Each structure stands twice: as structure tokens, then as C-alpha cells.
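K.L.:
Take a look at the letters that make up each chain.
Protein chains: 2
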Amino acid sequence: MPTLYEQYKAQMSKLADLSGAMATLHWDQEVNMPKNGAASRGKQIATLSAITHEQFTNEKIGNLLNRMERMTSLDNAQKKNIAITRKQYDKATRFDEAFVIKRSQAISHAFASWIAARQADDYGIYKDALQEIIDIKKEEAKIIGYKDHPYDALLDEYEPGLTTARVTEIFDHVKSELKPLLKKIRKSKKISTKILKGHFDKDIQWQYGLNILKQIGYDFESGRQDISEHPFSTSLGPGDIRVTTRIDESDFCNMLFSTIHEGGHALYEQGLPASEYGLATGSYISLSIHESQSRLWENHVGRSKEFWSYNYPSLQQHFPRSFKKKSLKKFYKAINAISPGYIRTEADELHYHFHVIIRFEIEQMIMKGEVSAKELKELWNEKYKEYLGIKVKSDKLGVLQDVHWAHGGIGYFPTYSLGSFYAAQFYQQAVKDKPKIESKIEKGDHSTLLKWLRKNIHNHGRRYEAEELCERITGEQLNVEHFLRYARKKYGKIYGF
Amino acid sequence: MPTLYEQYKAQMSKLADLSGAMATLHWDQEVNMPKNGAASRGKQIATLSAITHEQFTNEKIGNLLNRMERMTSLDNAQKKNIAITRKQYDKATRFDEAFVIKRSQAISHAFASWIAARQADDYGIYKDALQEIIDIKKEEAKIIGYKDHPYDALLDEYEPGLTTARVTEIFDHVKSELKPLLKKIRKSKKISTKILKGHFDKDIQWQYGLNILKQIGYDFESGRQDISEHPFSTSLGPGDIRVTTRIDESDFCNMLFSTIHEGGHALYEQGLPASEYGLATGSYISLSIHESQSRLWENHVGRSKEFWSYNYPSLQQHFPRSFKKKSLKKFYKAINAISPGYIRTEADELHYHFHVIIRFEIEQMIMKGEVSAKELKELWNEKYKEYLGIKVKSDKLGVLQDVHWAHGGIGYFPTYSLGSFYAAQFYQQAVKDKPKIESKIEKGDHSTLLKWLRKNIHNHGRRYEAEELCERITGEQLNVEHFLRYARKKYGKIYGF
Numbered sequence: 040m041p042t043l044y045e046q047y048k049a050q051m052s053k054l055a056d057l058s059g060a061m062a063t064l065h066w067d068q069e070v071n072m073p074k075n076g077a078a079s080r081g082k083q084i085a086t087l088s089a090i091t092h093e094q095f096t097n098e099k100i101g102n103l104l105n106r107m108e109r110m111t112s113l114d115n116a117q118k119k120n121i122a123i124t125r126k127q128y129d130k131a132t133r134f135d136e137a138f139v140i141k142r143s144q145a146i147s148h149a150f151a152s153w154i155a156a157r158q159a160d161d162y163g164i165y166k167d168a169l170q171e172i173i174d175i176k177k178e179e180a181k182i183i184g185y186k187d188h189p190y191d192a193l194l195d196e197y198e199p200g201l202t203t204a205r206v207t208e209i210f211d212h213v214k215s216e217l218k219p220l221l222k223k224i225r226k227s228k229k230i231s232t233k234i235l236k237g238h239f240d241k242d243i244q245w246q247y248g249l250n251i252l253k254q255i256g257y258d259f260e261s262g263r264q265d266i267s268e269h270p271f272s273t274s275l276g277p278g279d280i281r282v283t284t285r286i287d288e289s290d291f292c293n294m295l296f297s298t299i300h301e302g303g304h305a306l307y308e309q310g311l312p313a314s315e316y317g318l319a320t321g322s323y324i325s326l327s328i329h330e331s332q333s334r335l336w337e338n339h340v341g342r343s344k345e346f347w348s349y350n351y352p353s354l355q356q357h358f359p360r361s362f363k364k365k366s367l368k369k370f371y372k373a374i375n376a377i378s379p380g381y382i383r384t385e386a387d388e389l390h391y392h393f394h395v396i397i398r399f400e401i402e403q404m405i406m407k408g409e410v411s412a413k414e415l416k417e418l419w420n421e422k423y424k425e426y427l428g429i430k431v432k433s434d435k436l437g438v439l440q441d442v443h444w445a446h447g448g449i450g451y452f453p454t455y456s457l458g459s460f461y462a463a464q465f466y467q468q469a470v471k472d473k474p475k476i477e478s479k480i481e482k483g484d485h486s487t488l489l490k491w492l493r494k495n496i497h498n499h500g501r502r503y504e505a506e507e508l509c510e511r512i513t514g515e516q517l518n519v520e521h522f523l524r525y526a527r528k529k530y531g532k533i534y535g536f
Numbered sequence: 040m041p042t043l044y045e046q047y048k049a050q051m052s053k054l055a056d057l058s059g060a061m062a063t064l065h066w067d068q069e070v071n072m073p074k075n076g077a078a079s080r081g082k083q084i085a086t087l088s089a090i091t092h093e094q095f096t097n098e099k100i101g102n103l104l105n106r107m108e109r110m111t112s113l114d115n116a117q118k119k120n121i122a123i124t125r126k127q128y129d130k131a132t133r134f135d136e137a138f139v140i141k142r143s144q145a146i147s148h149a150f151a152s153w154i155a156a157r158q159a160d161d162y163g164i165y166k167d168a169l170q171e172i173i174d175i176k177k178e179e180a181k182i183i184g185y186k187d188h189p190y191d192a193l194l195d196e197y198e199p200g201l202t203t204a205r206v207t208e209i210f211d212h213v214k215s216e217l218k219p220l221l222k223k224i225r226k227s228k229k230i231s232t233k234i235l236k237g238h239f240d241k242d243i244q245w246q247y248g249l250n251i252l253k254q255i256g257y258d259f260e261s262g263r264q265d266i267s268e269h270p271f272s273t274s275l276g277p278g279d280i281r282v283t284t285r286i287d288e289s290d291f292c293n294m295l296f297s298t299i300h301e302g303g304h305a306l307y308e309q310g311l312p313a314s315e316y317g318l319a320t321g322s323y324i325s326l327s328i329h330e331s332q333s334r335l336w337e338n339h340v341g342r343s344k345e346f347w348s349y350n351y352p353s354l355q356q357h358f359p360r361s362f363k364k365k366s367l368k369k370f371y372k373a374i375n376a377i378s379p380g381y382i383r384t385e386a387d388e389l390h391y392h393f394h395v396i397i398r399f400e401i402e403q404m405i406m407k408g409e410v411s412a413k414e415l416k417e418l419w420n421e422k423y424k425e426y427l428g429i430k431v432k433s434d435k436l437g438v439l440q441d442v443h444w445a446h447g448g449i450g451y452f453p454t455y456s457l458g459s460f461y462a463a464q465f466y467q468q469a470v471k472d473k474p475k476i477e478s479k480i481e482k483g484d485h486s487t488l489l490k491w492l493r494k495n496i497h498n499h500g501r502r503y504e505a506e507e508l509c510e511r512i513t514g515e516q517l518n519v520e521h522f523l524r525y526a527r528k529k530y531g532k533i534y535g536f
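As you go down the protein sequences, you meet chains A and B in turn. The first sequence begins at 40 in this note's numbering and counts up by one. The second sequence begins at 40 in this note's numbering and counts up by one.
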């Protein structure tokens with residue numbers, strides 16, 4: 040007879056099977072699915088979601104939790120797993136089937152409208168569907184409950200425990216510090232990125248990307264890379280963590296940095312303990328910690344001097360026409376050039392956070408009912424004028440650029456910036472703990488860094504919450520000063536002040 | 040409030056979503072999955088199977104069936120759907136969870152043993168696991184129940200209503216007629232197949248295969264082709280019917296005929312009415328009717344003079360070194376050469392049925408307990424000596440060649456031959472109904488044939504059972520004389536008697 044904890048583990052493992060199956064359906068949808076497969080795929084995913092909700096909110100799980108919570112023989116990791124399941128269970132059981140179906144239909148509708156609006160470059164086509172999503176998310180926040188701000192209820196979904204107040208505190212500080220830094224950069228000599236433009240053969244880019252993934256330690260026996268319209272990484276199960284990239288023959292950096300970014304996400308998932316499958320201790324902590332891993336590899340490794348002093352010669356060999364006669368220094372500066380733009384995913388390391396701050400401010404207003412979908416476009420464009428000093432010329436380059444809201448993902452964006460800030464703090468600590476990390480990267484050897492990440496972050500799964508883990512590793516909670524110091528130092532050198 | 044029939048349709052549609060999800064997981068496993076994904080994929084599929092069984096045998100379905108069976112307002116198609124679900128429901132509810140789990144574990148074990156045995160070319164490694172399967176299939180037959188022969192219970196799973204007696208009657212006739220035909224062929228001048236050997240570039244083969252699929256009418260907006268170790272076709276949902284092929288650079292026919300064969304299966308699925316999703320009227324009839332579609336395209340079209348008089352010039356262009364200087368006549372004879380061999384899937388149109396007959400005879404003995412797994416290898420080799428006149432030199436080329444038994448698929452093989460026999464009868468009728476079919480094929484136009492198949496077979500789903508459909512179309516039940524006449528005529532001409 041299996042113990043209560045074993046029964047619980049078996050139930051969680053079954054739910055993880057369902058979620059891996061859904062991940063496979065999603066992956067296939069983005070990578071392989073023929074056009075006419077869309078309708079039935081949507082239905083399959085909806086059916087699996089409904090079954091997952093049904094199986095998770097089943098009173099069998101509730102009874103198991105009740106009985107386990109009275110046990111005294113459990114260790115801390117087991118208690119942690121149970122506590123997280125309890126929180127998720129109590130949340131999930133608050134939603135009845137009617138709400139779950141209503142929400143998933145609104146998302147289907149909004150996603151289709153978003154696609155159509157992007158094709159027509161016309162926000163008007165999308166706004167009513169988006170208002171539906173907003174109304175549902177307000178209802179959702181009410182059902183979940185909150186203390187200070189309805190937005191808190193949504194943040195918690197992506198970043199457990201995070202509050203609007205905490206994000207505001209962090210972002211206010213970042214804003215006030217980045218503004219003078221950007222002002223200095225604007226006053227400095229502009230860096231040319233011309234070197235990055237040209238023709239970059241598809242197949243050579245593909246091969247180069249695979250080499251880079253191998254180099255940073257991505258395990259191709261436990262994953263694969265493919266092409267999709269929007270790069271992503273996904274876990275289909277332990278031992279099957281996939282990444283995708285996109286290739287633009289006129290823009291080499293598109294493939295390059297998305298590959299390293301998704302590779303960073305995938306290294307995290309490949310490092311989670313498979314023995315804890317389905318449990319919090321076998322899962323990632325939060326979206327910001329996930330993002331800290333992708334940003335760490337993308338920015339602190341992939342945009343570093345050390346990385347390119349090793350990789351630039353091979354890049355020159357792959358694309359002699361573009362790089363043969365150009366110096367490493369010129370290349371390094373070009374991939375780190377700072378310049379405001381319309382698109383978040385293409386933003387540089389500094390402006391990136393203003394893209395996120397804009398969304399954070401808008402999302403709060405949405406949840407407070409201070410702005411309706413109808414008025415969102417104007418608000419968006421005003422904020423881009425204010426924070427980035429640019430005039431948004433088209434909806435596609437503006438309010439239509441992200442899919443998140445169409446997917447119901449309000450509350451998601453702040454984790455992107457927090458991820459970057461964690462990345463800076465973690466990377467600094469890693470180099471402090473293992474001073475050889477950077478000289479090894481200079482030799483194309485990432486094993487010391489990866490080992491540090493595995494030991495300090497990946498292997499724990501969600502044994503600790505985000506700020507708790509941060510404190511264990513670095514001795515303090517998330518502190519954006521580490522990111523700001525890194526930014527001032529790096530860009531001071533690059534721009535010569 | 041939805042009607043009872045609408046509720047039933049919604050339930051069936053949900054079950055079809057689950058089966059489409061499982062098909063996607065299987066497809067991915069064969070086509071994409073990295074090595075280390077195997078364990079969790081196996082678990083995902085097992086979980087989805089268990090959930091499907093759970094949801095189908097739920098008393099909700101039983102109640103719906105009970106209530107619908109008392110209704111008088113249903114039309115014939117609706118009654119047919121309900122009757123088929125009733126039969127499947129009564130069968131499924133006979134199996135308890137313990138049996139379903141035991142069977143699926145035995146299959147996992149047998150499949151792994153079969154793989155290992157093939158690698159070592161040693162049947163001994165597999166025999167105990169196979170005996171487990173045999174014992175479970177005997178138990179299964181008992182649970183299902185049967186009148187005359189335990190094998191009947193298994194046949195019915197793949198070919199509803201088919202009995203051992205009916206197969207015996209058909210196969211006895213085929214055996215007695217094919218033997219003298221093969222004797223005549225053996226006495227005739229041997230046909231050289233040398234023209235088919237050589238080097239055939241992978242990428243050119245791939246492109247050629249895609250062209251052929253397009254030509255026969257396969258819709259790439261509702262499917263795709265990929266590479267896998269064993270070619271297969273699968274329905275991931277209406278609008279997403281995929282095929283795979285394999286490419287051997289030294290053997291062009293391997294890709295060519297597997298592509299046409301799987302294309303034939305896929306054309307059937309692409310022609311099923313999507314509006315009847317999840318119901319018998321939206322599903323294929325039986326495995327033999329499925330196979331009739333693949334064999335019709337593979338043999339009656341793909342190995343015909345008409346087909347090649349259109350396609351040979353383009354083949355010569357694709358592979359000039361092999362075919363430029365060789366006549367169409369020589370090529371046509373080579374792809375139709377008759378010669379006994381070890382492997383069923385590589386057999387010619389005539390010897391093929393002896394491969395199947397051997398398996399049919401062995402499977403009956405297995406189910407009667409007249410032979411155990413331990414003795415199977417000897418029995419296999421004896422029968423190959425007797426029926427094909429060849430001495431099996433290795434287990435891989437003998438008793439280990441098929442995966443079916445390892446998957447629990449006892450009772451499957453006869454449908455392969457029946458499919459060929461149906462194909463001959465259907466094709467003959469199609470040409471009788473639409474005399475232009477063959478002159479159109481000669482022009483690369485398959486639309487008349489496909490339209491006939493759509494109208495007479497595909498569009499009905501499983502509105503009729505196999506022999507019932509055959510009678511509706513051709514005026515008589517399955518009659519192997521059509522196949523035999525086709526064989527005598529075609530090979531008489533080719534071998535000049």
C-alpha cells in the first residue's frame with residue numbers, strides 16, 4: 040500500500056503528464072502543424088485543459104492534502120511541496136467550470152482578433168475582444184482575492200508573492216537611475232550597428248546557432264532546436280526540453296540572441312531534478328527566476344567581451360563577407376549599442392525596462408478600471424513618447440506587438456525586468472564564488488558557470504521562493520543596484536564616460 | 040438545452056480530442072523526440088490512455104446510450120453511430136482498470152524486449168515477454184467472449200464482424216489459386232531488378248516523393264510529410280493527416296512505394312467528413328478498408344503502366360544516371376518483378392499474401408494454445424520453408440521482423456491481405472463506373488479516381504461495415520476472384536504467358 044505522500048506524488052505526476060502532453064500539442068502547433076489543423080488542435084488543448092482542471096480540483100486531491108497536513112513525519116521539502124499544492128488547489132477550486140470555459144473562449148476569441156488586427160495593422164479590430172479579456176481578468180482577481188490592489192492577484196499567478204507595491208518600489212528606483220545613464224549615452228558618440236546588417240545565409244546561421252547551444256551546455260539528447268515564428272523554449276517532460284529560434288537572413292542578431300536566450304531557459308529546465316517530477320521541488324520557481332536564467336546567458340554571457348573573444352574568429356569564418364575585415368571591438372560595441380525603439384523584444388539591455396514599465400503602468404490602470412480597451416492605444420502611444428521619446432507610427436509596432444494580453448496574460452510583463460535584475464545579481468555572485476568563470480568563458484568553456492547555476496539554482500527546483508533563493512545565494516533579497524552598477528560600468532566603458 | 044444526441048456527440052468529440060492528442064504524442068515520438076524523452080513520453084501516453092478509458096466507460100455514457108436507445112426520432116446514421124458506440128462501450132466496460140494497466144505494462148515490456156532482441160538478432164531475448172502478451176491476449180479473448188474460436192474475439196477488434204472461418208475460406212481459395220500462378224512465373228524468364236539499384240540522392244528522392252503526393256491529391260494544407268524509421272500515416276485531427284516515409288539512398292523503391300502507400304491511407308482520412316468528428320460516421324470502417332485505400336494507390340495506380348507512362352520522364356530527369364538510358368518497359372517490369380523474400384513489407388504483390396497467411400495460421404495456433412512463444416521461431420521458419428521455399432537465416436529477417444505482436448496486435452495481419460483484395464474489387468468497379476480513370480492517370484490526373492473514392496467510400500465514414508459497403512459499391516461481398524483475375528492478367532502479360 041503506497042503511503043499518502045506516494046499517492047500524492049502519483050497524482051501530481053499524472054497531472055504533469057497532462058501538462059507535458061499539452062506542451063507537446065503547443066510545440067507542434069508552433070513548429071509543425073499544417074494550416075487546417077488549427078481548429079481541432081485548439082479543441083484538443085481545450086479538452087486537455089478542462090480534464091486537467093477536473094482532475095486537479097477533484098476532492099481526491101483535497102482529501103489527500105487534508106490528511107497529509109495532519110502528518111508529522113514529513114521533511115521540509117515534502118512540506119513545501121504540499122503547501123504549494125494546497126495554495127494552487129485552493130485557488131483552482133475557486134473557479135467553477137463555467138468560468139474556466141468562459142475564460143478559455145474569451146482567450147480563443149481575443150487571440151484570433153489579435154492575429155487579424157495585426158494583419159490589418161488596426162487595433163480597432165482587437166479592442167472589443169481585449170475588453171472581454173480585461174473584464175474576465177477583473178472577475179478573476181475578485182475570485183482569487185487580494186489585499187491592496189486587484190493587480191496583486193494576477194502578479195501572484197506568475198510570480199508567487201509578488202505585489203504591485205514591491206514592483207513599484209523596484210521600477211521607480213530603476214527609472215530614476217536609468218534616465219541619467221541614458222542621457223549620458225545619448226550625449227556620447229553614437230555607435231554604428233551597420234556591421235550587423237547584410238546577408239547571412241540561413242543554413243550557416245542554423246549551424247552556427249546549434250554550435251552555440253552545444254557550447255553553452257545544452258543537451259541535444261534531451262532536447263532539440265527547431266524554427267518557429269516566435270522563439271520559445273518548452274518542457275515536454277524531463278529529458279525533452281526543446282527550444283526554437285527564427286532566422287532572418289538580413290539580421291544575424293535575431294537568431295543569435297534568441298538562441299542564447301531560449302538556451303538559457305532550457306538549461307534551467309534540463310537542470311531540474313527529474314526525480315521530483317510533477318512536484319514543486321521538480322519545477323521552476325517563478326517566471327522571473329526563469330527569465331533570470333535566459334537573461335544571464337543572453338546578456339551577461341552572450342553580450343560579453345569574454346564570450347566573443349572566443350567566438351568571434353569562428354563567426355568571421357562563418358560569415359567572412361560581413362566580419363572578416365571588422366575588428367572584435369567594433370563587433371562587440373555594435374551588439375551592445377543603445378538606442379530606443381518600438382519593439383520590446385528587440386530592445387537593448389537598458390531601454391528594455393522602459394518597455395516593461397509602460398506595460399506595468401498600463402496593466403495597473405486596466406485592473407483599477409482607470410482605462411478601457413478603447414483608450415489603450417492612445418495611452419500606449421503617449422507613454423512611448425514620454426519614456427522612449429518616440430512617436431509610434433503603427434499599431435503593429437505599438438499596442439499590438441505583444442500576444443500576452445490576448446492570451447489573458449495580464450501581470451506577466453514585470454517578471455521580464457525582474458528576471459534581468461536577478462540575472463545581474465546572480466551572475467555577480469557566481470563570479471565572486473568562482474573567479475575563473477570569465478577566463479573559462481574566454482576559452483569557450485561554460486562548465487564552471489553552468490555547474491554553479493545547477494548547484495545554486497537549478498537543482499533545487501522550487502524548494503525556495505524567488506527572493507528567498509536570492510537571499511540564500513547572494514545574502515540579500517533582490518537588489519537592483521547590482522544590475523544598475525553592471526549597466527553603468529559596462530556602458531560607461533563602451534560609450535567612454 | 041442540448042438534445043441527448045447532441046450531448047452524446049459532445050462526449051464523443053471530447054474522446055476524439057484525447058485520441059488526437061495521443062496521435063500527436065505518437066507522431067512526435069516517431070519523428071522528433073530526443074532520446075531522453077522516451078520515458079516521460081511513455082508515461083504521458085499511458086496516462087492519456089487511462090483517462091480515455093475512464094471517460095469512455097463512465098456511466099454518463101452508459102446512461103446516454105440507454106436513453107437514446109429508447110428514442111424513436113433518430114435517423115439511420117444516428118442509430119448506426121449509437122449502435123457502434125454501444126458495442127464499443129459494452130466491450131470497454133468489461134475490462135477493469137487492473138487488466139488495462141497489466142496489458143499496457145506487458146506491452147511496454149514486450150516492445151522494449153523486441154527492440155533489444157532485434158538489436159542482438161536473438162529471438163531468445165524476446166520470447167518470455169511475448170509469452171506474457173500471448174497469455175494476456177488469451178485472457179482478453181475470454182473477457183470479450185466468442186462463439187467458435189478465441190481468435191474471433193481479436194479479429195473483431197480490427198475488422199468488426201470478421202471471423203476465423205471467413206478468413207480461412209478466403210485464404211484457402213487464394214492459396215490454391217496463387218500457387219499455380221507463382222509456379223508459372225517461376226518457370227518464366229526472370230525479370231532483372233538491377234535497374235532499381237544504384238545511388239539515389241536523399242534530397243532529390245524527398246522532393247520526388249512530395250511531387251507524387253501532390254499529384255495523387257494529398258492536401259498539404261491538411262497534412263505534412265516527414266521522415267521516420269518505419270513509414271506510417273496518422274490522423275492528428277480533421278485537417279491534420281500526416282504521413283511519413285523513409286529514404287534509403289541505395290533503394291529508390293523503398294521511399295517511392297511507401298510514400299504512395301501512406302498517401303493512400305491519408306487520402307482516405309482526408310476524405311472523412313469532419314462534421315461527424317468523433318462518431319462512427321466520421322471514422323474509417325475497418326483496417327481492411329483502410330488498407331484497401333493504401334493498396335489501391337500503391338499497386339493499382341503506383342505500379343501501373345498508366346502511372347509510369349506519365350511519371351517516367353520526370354523520374355529520368357530526377358535520376359538521369361539510373362534511368363536516362365533505360366526504357367519505360369524495363370522499369371515497369373522491374374518494379375513488378377515477382378520473387379520470394381524474407382520480409383513482408385518488402386514483398387511483391389503475390390508473395391505478400393503468403394507472408395500474411397503464415398502469420399494468420401500461427402496466430403490461430405497461439406490462441407488455441409497449440410504453440411507457445413518458445414516454439415514460435417521454429418514454427419515460423421518451417422512455414423517460410425513450406426510456403427515461400429526459403430530458409431530463414433536470421434531472427435531479424437524472420438520471427439522478429441514485425442512489431443505487431445509486441446504491441447499486442449494479434450489479429451491484425453489478415454486485414455493486410457483483405458485490404459489488397461478489396462482494393463482490386465474497388466478499383467475494377469471504379470474503372471467500370473468511370474472508364475476515363477486510366478486515361479486520366481496516364482495524363483497525371485488522378486481527380487476522377489479520387490472523386491470516385493470520395494463519393495463511394497471516404498465520404499460515408501463508417502456508415503456501413505466493410506462487406507456491406509463492398510456490396511453497395513460492387514453488387515457483391517468481398518470476392519477474391521477480382522484480385523486473382525487482376526493478378527493473372529497483369530503478371531501473365533509481364534511474364535509473357
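Certain hints may be false.
As the list makes no split between identical chains, a pair holds if one copy fits it or if it spans any two.
Subject to a maximum C-alpha distance of 16 Å in a straight line, what follows is the list of computed EDC-like cross-link-like pairs (lysine to aspartate or glutamate) [stated by the list, open to error]:
1. Lys74 - Glu260
2. Lys471 - Glu196
3. Lys53 - Glu93
4. Lys74 - Asp258
5. Lys482 - Asp240
6. Lys166 - Glu45
7. Lys432 - Glu481
Derived from the structure by calculation, the hints contain no laboratory data. Note that the coordinates shown come from a computational prediction; the quantities given were computed from them, not determined experimentally.
K.L.:
Could you run down the list of hints and mark each one as holding or not?
P.N.:
Okay, the hints, checked on the actual structure:
1. Lys74 - Glu260: Between copies only: 5 Å across chains, 30 Å inside a chain, cut-off 16 Å.
2. Lys471 - Glu196: neither (33 Å within a copy, 66 Å between copies)
3. Lys53 - Glu93: Classified as both: same-chain Cα gap 13 Å, cross-chain 14 Å, threshold 16 Å.
4. Lys74 - Asp258: This pair counts as between: shortest inter-copy Cα distance 11 Å, intra-copy 31 Å.
5. Lys482 - Asp240: neither (27 Å within a copy, 39 Å between copies)
6. Lys166 - Glu45: neither (48 Å within a copy, 34 Å between copies)
7. Lys432 - Glu481: Answer is neither: 42 Å inside a copy and 57 Å across each miss the 16 Å cutoff.
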